[in-house]
Amino acid sequence: REAKLLVYLKHYRGDTASIARLESRSMAIMGSTAFLTSPLCSAMADSTGVKTIMMLCAFWSLGLRAMETFLPTAKTMFATTSLAAVSAASAQAVMTAIGDLFPGDSAGAGAALALLTPTRELGVVIGTLLGGPLAARSLRLTFATSGLFVLVQVAVISRMVEKVRAERTPLTAQGVLKAVNPFQFLRLFSSGPRLAMTASAHFCQAMSERMLIGNFLSMVFMERFGWDAVKRSRYFTLASAMTLPGGLIARVLLQRLGARGALLFSVGVGA
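Last residue of the sequence shown: 280 in this note's numbering, with the numbers rising by one and none dropped.
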């Protein structure tokens, strides 16, 4: 993140407003791409298994890091950010794999999924702590180091033992067309009131997501207080560290209050 920002700052000569507009466009493209790739990856996971999807996503991410390492330009950063949605499908595969480990135990699966939040945020904390100083030293070194962590991810996935499902659905051409239908998600709102309410709550949470606001807010701080990449990385490190207890608290809330109670508590705190 910090290395990409330095590339943008150099290209736009410190014009943070232009950078914010560019990031808005790249994230809009990334979201639109995820709109198509997420259901397709889910269908592929049912056909080939989640391990295959996780490996494909890791190699995709490795390709993006290679592009950034060998050609660290603003156009490259825009392209890799726009295409990052494919790599993000790995998180969906991880959640599917965890769900497979708890057949018929929604509470156990929910508690395990809740622990993913502090696990992910711990990785973000370490990544931002390393990213700022590395970016200030060498852009290519930052991207190469990120690629090295992706290689570690590939090694871990290759040793992962996947729980084999009793039946796997072959992915046909018709299945691909059905999976990439961008309006398939509307079925969530027409399959009963409980599922519709849950999907609506998730949609509203995504609309009010603070991550994008925080990303642009850091640029305001850079302009107002003269922050460099290292100070900006510390800001994101602190923000991520503050979310670490959230996953642990979520697990307790799921066990004590149930899914609805935990969701209401989360919405109340966010409001």
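Calculated directly from the structure, the hints in this document are not laboratory data.
Any given hint could be a false lead.
Quick list of the computed label-pair ranges, beta carbon to beta carbon [stated by the list, open to error]:
#1 Ala164 / Ala208: 22 to 28 Å
#2 Ser209 / Arg146: 43 to 49 Å
#3 Ala116 / Ala153: 28 to 34 Å
#4 Arg203 / Ala37: 17 to 23 Å
#5 Leu195 / Leu150: 41 to 47 Å
#6 Gly201 / Gly235: 51 to 57 Å
#7 Leu131 / Pro202: 46 to 52 Å
None of the values given here were measured: they were computed from a predicted structure.
Each residue gets a CB set at the ideal place from its N, CA and C atoms; glycine is no exception.
Going through the hints against the structure:
1. For Ala164 and Ala208, the hinted distance range of 22 to 28 Å is not satisfied, since their beta carbons lie about 36 Å from each other.
2. A hinted range of 43 to 49 Å for the beta carbons of Ser209 and Arg146 is consistent with their spacing of about 46 Å.
3. Remark: the range hint 28 to 34 Å for Ala116 to Ala153 is contradicted by a beta-carbon distance near 43 Å.
4. Checking the proposed 17 to 23 Å range against Arg203 and Ala37 shows it is violated: the Cβ atoms sit about 31 Å from each other.
5. In this structure the supplied range 41 to 47 Å holds for Leu195 paired with Leu150, their Cβ-Cβ distance being about 46 Å.
6. Between Gly201 and Gly235 the C-beta distance comes to about 54 Å, which sits within the given range of 51 to 57 Å.
7. The supplied range of 46 to 52 Å is broken by Leu131 and Pro202, whose beta-carbon atoms lie about 37 Å from each other.
Violation of the numbered hints given earlier is confined to hints 1, 3, 4, 7; the remaining hints are satisfied by the structure.
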